[in-house]
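Numbered as in the working numbering, the sequence shown ends at 394 without a single skipped number.
Mixed in with the good hints there might be a few duds.
Derived Cβ-Cβ restraints for the label pairs, each shown as a range [what the hints assert, rightly or not]:
no., residue 1, residue 2, range
1, T93, I214, 44 to 54 Å
2, P91, G342, 48 to 58 Å
3, T57, V354, 37 to 47 Å
4, T93, S305, 45 to 55 Å
Since the hints were derived computationally from the structure, they do not count as laboratory data.
The beta-carbon is built from N, C-alpha and C at its ideal position, and this holds for glycine as well.
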Amino acid sequence: MSSTTLIPPTGRWPAPQWLALFYDLAFAAGVIAISGSYAYDHTLQGVLWFATTYGILASTWLLTGGATGGFTGEHRPVTRGIVVLTVIQMALVMMLSLASGDSIASSSGVFDAVLGLMLATVLALGLLARGSGHAVPGRSMALVAAAMVVLGLAWLPPDPIGFVLWLASLAMLGVAAAGVAVGTTVDLHRLAHRLGELTIIIVGEILVKVTLTLGDESLWSVRTWALGPLLLLLVGTWWAYFTGPVLVTSLNARSRIVWITAHWTLHVALLALAVGLSKLLVGSEALTDPSSATALLTGPAVVLVGSLAALDWVTNGDRARNLAVATGAVAVLAVVVLAVPLNPTVIGYAVALVMLTAVALPPRPTRRSQQFDGQLRPQR
């Protein structure tokens with residue numbers, strides 16, 4: 015009988031990379047909840063609330079990844095404290111996402127309480143990382159603590175001042191997350207890998223959202239021809255992202271901020287498109303309204319293609335010019351849709367074909383990418 019055992023020794027935890035993916039599961043569930051709220055309210059206020067909520071989650075994701083060593087080449091041992099705090103935060107991520115489904119007025123109390131607890135877990139994880147080679151920058155820790163204090167103070171003054179304090183708290187959280195992204199201990203390749211994992215999860219959430227929507231309908235009521243835009247847009251996004259921005263090799267601090275911000279807008283656009291494409295498949299009458307078609311299809315598409323163009327540009331890719339032209343083409347389509355009502359399926363196919371054309375056409379290197387290549391090319 016072999017002496018090899020499949021049972022791990024007492025006290026051993028899964029490897030750090032599996033903890034990171036386990037943590038991402040909470041975001042997979044959370045984004046479904048916030049995209050569901052956007053389906054019911056896609057007004058301008060709904061857009062801002064939707065983008066803000068995802069921004070909070072994304073900032074928390076960055077801070078937690080920094081504290082647990084998820085963005086460094088040096089693997090940090092997983093400890094009981096890290097696992098406990100991570101699991102607590104996963105529950106809070108889901109609760110915050112569910113709380114965001116209501117209006118700001120009706121959910122503000124629960125939302126802020128859960129957000130405060132989330133920030134507390136970030137601080138605790140940061141304290142556990144002190145003294146390690148990938149500790150969260152002290153400035154980021156101070157900003158998270160300040161964000162908690164300001165969040166509590168926002169409940170004391172009248173609404174206008176309180177709302178300004180609430181926004182200031184969120185701004186502090188965003189700056190703290192940016193501090194992690196530009197930290198000297200962060201390995202850019204590892205950070206790009208983790209962002210790629212999160213991006214593929216967000217892309218997958220489109221399929222999950224569509225499946226959940228179709229689950230309430232009969233299979234025979236589904237407009238199968240509307241599957242085309244869905245699949246083409248997914249392929250185009252996957253192709254553009256994973257042959258370009260994810261392969262980044264060098265970024266200075268300022269460019270890294272742009273890179274991170276473009277990921278946020280990319281993810282928000284994908285989640286908004288998930289709602290629009292779901293409605294397209296079931297033939298929702300909402301898409302016949304020009305403003306709704308803009309909020310659910312063409313608007314998110316402009317942000318999606320524009321974000322991919324920004325990502326390619328800041329990483330010195332050679333597809334940025336094609337994607338910039340495609341962004342302009344989709345923007346023109348968005349204006350046309352507002353002026354002349356078009357069939358939603360036609361809109362979907364038009365956006366998808368513009369995206370695929372931009373990705374499939376031969377790359378047209380920009381002057382910036384050519385200069386970058388010249389800097390990397392060895393001198394003879």
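Verification of the supplied hints:
1. Range check, T93 to I214: Cβ separation about 28 Å, and the 44 to 54 Å hint is violated.
2. For the hinted restraint 48 to 58 Å between P91 and G342, the CB-CB distance of approximately 50 Å keeps it satisfied.
3. A beta carbon spacing of about 22 Å between T57 and V354 contradicts the range 37 to 47 Å that was offered as a hint.
4. At about 51 Å, the beta-carbon gap between T93 and S305 stays in the expected band of 45 to 55 Å.
Going down the numbered hints, you'll see the structure goes against 1 and 3, while the others check out.
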